[in-house]
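Work out the full structure: start from the sequences and follow the hints.
Here are the chains, one letter per residue:
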Amino acid sequence: MKAAAAAPIASEATAEQKRINRLVAQNGSSPDALIEVLHQVQEIYGYLPEAALSQVAQQLRMPLSRVYGVASFYNLFHLEAPAAHSCELCMGTTCFVKGASELVPLLEQRLQQQLDGPSAADGWVLRQVSCQGACGQGPVLVVDGQLISQATGQGPGLLQGQLDAAGLPNRAPKPSLGAP
Amino acid sequence: MLNSISPSLQRPRLRCCDASSCRSAGSGALLKALETARSNAGEAAEPLDIEPVGCLRLCSQGPLVALDRPEGSSLFGGLSAPLAGALVDAGSGTDNNSSLNDHAIDLEQPFFALQHSVVLEGCGQVNPESIDSAIAHGSYEQLRHCLQELSAADVREQIRRSGLRGRGGAGYPTGLKWDTVALQPPGPRFVVCNADEGDPGAFMDRSVMEGDPHRLLEGLAIAAYAVGADRGFIYVRAEYPLAIERLRLALRQARQRNILGNNIFGSQFDLRIDIRVGAGAYVCGEETALMQSIQGRRGSPRPRPPFPAQKGLWGAPTLINNVETLAAVPAILREGGDWYGAIGTDSSRGTKVFALSGAVVNTGLVEVPMGTSLRTVVETMGGGVPNGAGVKAVQTGGPSGGCIPAALLDTPVDYESLRALGSMMGSGGMIVIAESMAMPELARHFMRFNVNESCGKCLPCRAGTVQLEQLLTKFVAGNAQASDLEQLEQLCQMVQTTSLCGLGQAAPNPVLSTLKYFRQEYKTGCEPATAGPQPWA
Numbered sequence: 001m002k003a004a005a006a007a008p009i010a011s012e013a014t015a016e017q018k019r020i021n022r023l024v025a026q027n028g029s030s031p032d033a034l035i036e037v038l039h040q041v042q043e044i045y046g047y048l049p050e051a052a053l054s055q056v057a058q059q060l061r062m063p064l065s066r067v068y069g070v071a072s073f074y075n076l077f078h079l080e081a082p083a084a085h086s087c088e089l090c091m092g093t094t095c096f097v098k099g100a101s102e103l104v105p106l107l108e109q110r111l112q113q114q115l116d117g118p119s120a121a122d123g124w125v126l127r128q129v130s131c132q133g134a135c136g137q138g139p140v141l142v143v144d145g146q147l148i149s150q151a152t153g154q155g156p157g158l159l160q161g162q163l164d165a166a167g168l169p170n171r172a173p174k175p176s177l178g179a180p
Numbered sequence: 001m002l003n004s005i006s007p008s009l010q011r012p013r014l015r016c017c018d019a020s021s022c023r024s025a026g027s028g029a030l031l032k033a034l035e036t037a038r039s040n041a042g043e044a045a046e047p048l049d050i051e052p053v054g055c056l057r058l059c060s061q062g063p064l065v066a067l068d069r070p071e072g073s074s075l076f077g078g079l080s081a082p083l084a085g086a087l088v089d090a091g092s093g094t095d096n097n098s099s100l101n102d103h104a105i106d107l108e109q110p111f112f113a114l115q116h117s118v119v120l121e122g123c124g125q126v127n128p129e130s131i132d133s134a135i136a137h138g139s140y141e142q143l144r145h146c147l148q149e150l151s152a153a154d155v156r157e158q159i160r161r162s163g164l165r166g167r168g169g170a171g172y173p174t175g176l177k178w179d180t181v182a183l184q185p186p187g188p189r190f191v192v193c194n195a196d197e198g199d200p201g202a203f204m205d206r207s208v209m210e211g212d213p214h215r216l217l218e219g220l221a222i223a224a225y226a227v228g229a230d231r232g233f234i235y236v237r238a239e240y241p242l243a244i245e246r247l248r249l250a251l252r253q254a255r256q257r258n259i260l261g262n263n264i265f266g267s268q269f270d271l272r273i274d275i276r277v278g279a280g281a282y283v284c285g286e287e288t289a290l291m292q293s294i295q296g297r298r299g300s301p302r303p304r305p306p307f308p309a310q311k312g313l314w315g316a317p318t319l320i321n322n323v324e325t326l327a328a329v330p331a332i333l334r335e336g337g338d339w340y341g342a343i344g345t346d347s348s349r350g351t352k353v354f355a356l357s358g359a360v361v362n363t364g365l366v367e368v369p370m371g372t373s374l375r376t377v378v379e380t381m382g383g384g385v386p387n388g389a390g391v392k393a394v395q396t397g398g399p400s401g402g403c404i405p406a407a408l409l410d411t412p413v414d415y416e417s418l419r420a421l422g423s424m425m426g427s428g429g430m431i432v433i434a435e436s437m438a439m440p441e442l443a444r445h446f447m448r449f450n451v452n453e454s455c456g457k458c459l460p461c462r463a464g465t466v467q468l469e470q471l472l473t474k475f476v477a478g479n480a481q482a483s484d485l486e487q488l489e490q491l492c493q494m495v496q497t498t499s500l501c502g503l504g505q506a507a508p509n510p511v512l513s514t515l516k517y518f519r520q521e522y523k524t525g526c527e528p529a530t531a532g533p534q535p536w537a
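Residue numbers (the working numbering), protein chains in the order written: chain A, 1 to 180; chain B, 1 to 537.
Calculated directly from the structure, the hints in this document are not laboratory data. Heads up, some of the hints might be wrong.
Covered, in the sense of this in silico footprint (three residues per stretch, anywhere, with C-beta under 8 Å from a C-beta of chain B), are these stretches of chain A [as the list claims (entries may be wrong)]:
| id | region |
| --- | --- |
| 1 | 28–37 |
| 2 | 70–78 |
| 3 | 108–117 |
| 4 | 134–140 |
Computed Cβ-Cβ distance ranges for the label pairs, DEER-style [what the hints assert, rightly or not]:
| id | chain 1 | residue 1 | chain 2 | residue 2 | range |
| --- | --- | --- | --- | --- | --- |
| 5 | A | E43 | B | E141 | 34 to 40 Å |
| 6 | A | E50 | B | S39 | 50 to 56 Å |
| 7 | B | G456 | A | H78 | 15 to 21 Å |
| 8 | B | G456 | A | A121 | 30 to 36 Å |
| 9 | B | G42 | A | G157 | 40 to 46 Å |
| 10 | B | K523 | A | A81 | 47 to 53 Å |
| 11 | A | E43 | B | L176 | 28 to 34 Å |
| 12 | A | E50 | B | L176 | 44 to 50 Å |
| 13 | A | R22 | B | D154 | 45 to 51 Å |
| 14 | B | Q148 | A | K18 | 45 to 51 Å |
Some chain A residues flagged as far from chain B (calculated, every beta-carbon gap over 10 Å) [said to hold, decoys possible]:
| id | residue |
| --- | --- |
| 15 | R19 |
| 16 | G46 |
| 17 | E88 |
| 18 | R127 |
| 19 | S130 |
| 20 | D164 |
Every residue, glycine too, gets a C-beta built ideally from N, C-alpha and C.
This is the structure:
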């Protein structure tokens, strides 16, 4: 399922619709299964395209408004295609009290974009996320799925090196390179 | 418990922590390297067992590996794959541990010595992916005992005698809740395990699910028998992929052995358990919202009564207990309710698991008798703030709790004492705050969390938390007026008394408790801008 391309589904509507129909059937075609079905649809597309929501509504015999209501309520459901690359800063309480917010200027400077702002032209997005469960290693960053731990304890130079290794672009103006 | 070896253990054994925290520190690669090193070592290492286990407690030193030998157990931390050879040599007795000396962790230190494992007795001992390992450690023995020898009322009697109270935070007596569900008019009933552990800094339930999932299933099955339910759900947050994976595996294994399903252990008792995965909504930890979510709806809370015990899932009586509560059940039935009731204090019996983190030397999981003082947990066991800096406060109860100042660290940890201080037990997150943290800023951190997580159904919570955050920002920036302080307090009262559910009612707690103990910092935030930079600016 994961291998499927996140392409628009209109061109192959029937095949895609069949796929969703199968998925709904596997979950017992019950309205209770809506959240589980949406998880699985999102696994296919990376987000919840509108056409897929309509198809789910039709198959579960419920109004689209209810499907949309659920899809928009939960934080982990995305109604738009996700950014290609992400740099996520954990703002769970442990990371916060260990100085995660001190990393914000460093990251904004490096990426030349704002925390929780729109994604850059090359697809990078910088956002804060809730607890990543690595409280023993805080504060932590997740760069395209790669965890960088104890990000304040090692000095900005070393951190920049780790960010380079993780593939995070460095767009900071030259003179301030390496400056804390 | 960490340094005990099961009596049947003859062979030396390496237990490699394979829970989330150690995995993020690289235990996956270490485990593979250990297995490779054992094959490379040939005959000498043949009798050595290598097992992935759940949390070994001291997360800040991860990845951790425990070594069991006939002469005793030892623990090593801060490991990496290149040390696998030395660990295998140590396990097979062909090495004097020299390269491991720097990695040895003293198991006699208070962090381990003062722990009292009941809920966590199997966590770090059993292989969470093996039902045989769980059964060898006694899992499902109490379920069998209940089904074959005890009536449902007998089981409830033991839980009542234990004095166990809900470990999700509110502390409602578990036995009473079980009785309420059991004594509803005849008809279908449900049991639900609330595993939507959403408080930031809380990872107790995750550790139980990742480290000893069969204990939770057994506790839930016993609860179902005790209240007469034949259908159960475990509602887990989606942010815990490893816990979900292990619970699903454990369920499959239990069904294959007919420990779940029909006519369990040859009795008339049937039970089907399903896992429901959340989708990132903190409010779903609230029980009425959680039930909505299980039924595939938006997680909107509703007023109580009726309580879920009367009208829950699909209108039927529903028992909802938290992970830690249910995980305590097998041990209570094994040792007896009176045994459990003798641990802890009069009003808060038994043990409590805390996730200790923040500005503290030893970050990790501790299980201590109720009534242990905060100082013992934070300073003696936790080792205090790194570099000898002072503790400013201890935050318990997450975004619904409060900050307890250093001067009150001798407070015993129990439901009533923490509430009297304006905080709460909560689910068990305990975050140590160092002197350098500005309290209005910490309060704003929690308020932002509540703003993001408010479900939007009732106005006081939806709009009140936003107003509170804006007011707090003024104090953080140092440009608040004296009237803002008054307004802050009034608004806190309003949100507290008029919100629909626990999320909104408790949202002002971090503000109120910091106002109570650190009022001066808010007053400093009120001074005119000419007063110069604030200490935290």
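Each hint tested on the structure:
Judged by the Cβ-Cβ criterion of 8 Å, the region 28–37 of chain A is covered by chain B as claimed, because 7 of its residues qualify and three suffice. With 6 residues having a Cβ less than 8 Å from any Cβ of chain B, the region 70–78 of chain A passes the three-residue criterion, so the hint holds. For a cut-off of 8 Å, the count of residues in the region 108–117 of chain A with a CB near a CB of chain B stands at 0, and the three-residue condition is violated. Coverage of a stretch by a chain is defined here by at least three residues with a beta carbon nearer than 8 Å to that chain's beta carbons; for the region 134–140 of chain A and chain B the count is 6, and the condition holds.
For A/E43 and B/E141, the hinted distance range of 34 to 40 Å is satisfied, since their beta carbons lie about 38 Å from each other. Range check, A/E50 to B/S39: about 53 Å between beta-carbon atoms, so the 50 to 56 Å window is met. In this structure the hint that B/G456 and A/H78 lie 15 to 21 Å apart at CB holds, the actual value being about 19 Å. At roughly 34 Å, the beta carbons of B/G456 and A/A121 sit within the given window of 30 to 36 Å.
Checked against the given bound of 40 to 46 Å, the beta carbons of B/G42 and A/G157, roughly 44 Å apart, stay inside it. Restraint check, B/K523 to A/A81: a C-beta distance of roughly 49 Å satisfies the suggested window 47 to 53 Å. Between A/E43 and B/L176 the beta carbons are some 42 Å apart, a value that contradicts the proposed interval 28 to 34 Å. At about 48 Å, the beta-carbon gap between A/E50 and B/L176 stays in the expected band of 44 to 50 Å.
Look at A/R22 against B/D154: about 47 Å separates their beta carbons, and that is inside 45 to 51 Å. Separated by about 49 Å at the C-beta atoms, B/Q148 and A/K18 satisfy the suggested range of 45 to 51 Å. Residue-level check passed: A/R19 sits 20 Å from the nearest beta carbon of chain B, beyond 10 Å. Distance check on A/G46: its Cβ is at least 15 Å (rounded) from any Cβ of chain B, clearing the 10 Å threshold; non-interface status holds.
The claim that A/E88 lies off the interface holds: its Cβ sits roughly 13 Å from the closest Cβ of chain B, which is beyond the 10 Å cut-off. Residue placement check: A/R127 keeps its beta carbon more than 10 Å from all beta carbons of chain B (closest about 12 Å). Against chain B, the non-interface label of A/S130 is violated: not every CB pair exceeds 10 Å, the least being about 6 Å. No Cβ of chain B comes within 10 Å of the Cβ of A/D164; the nearest lies about 20 Å off, and the non-interface call holds.
Checked against the numbered hints listed earlier, the structure breaks hints 3, 11 and 19; every other hint is satisfied.
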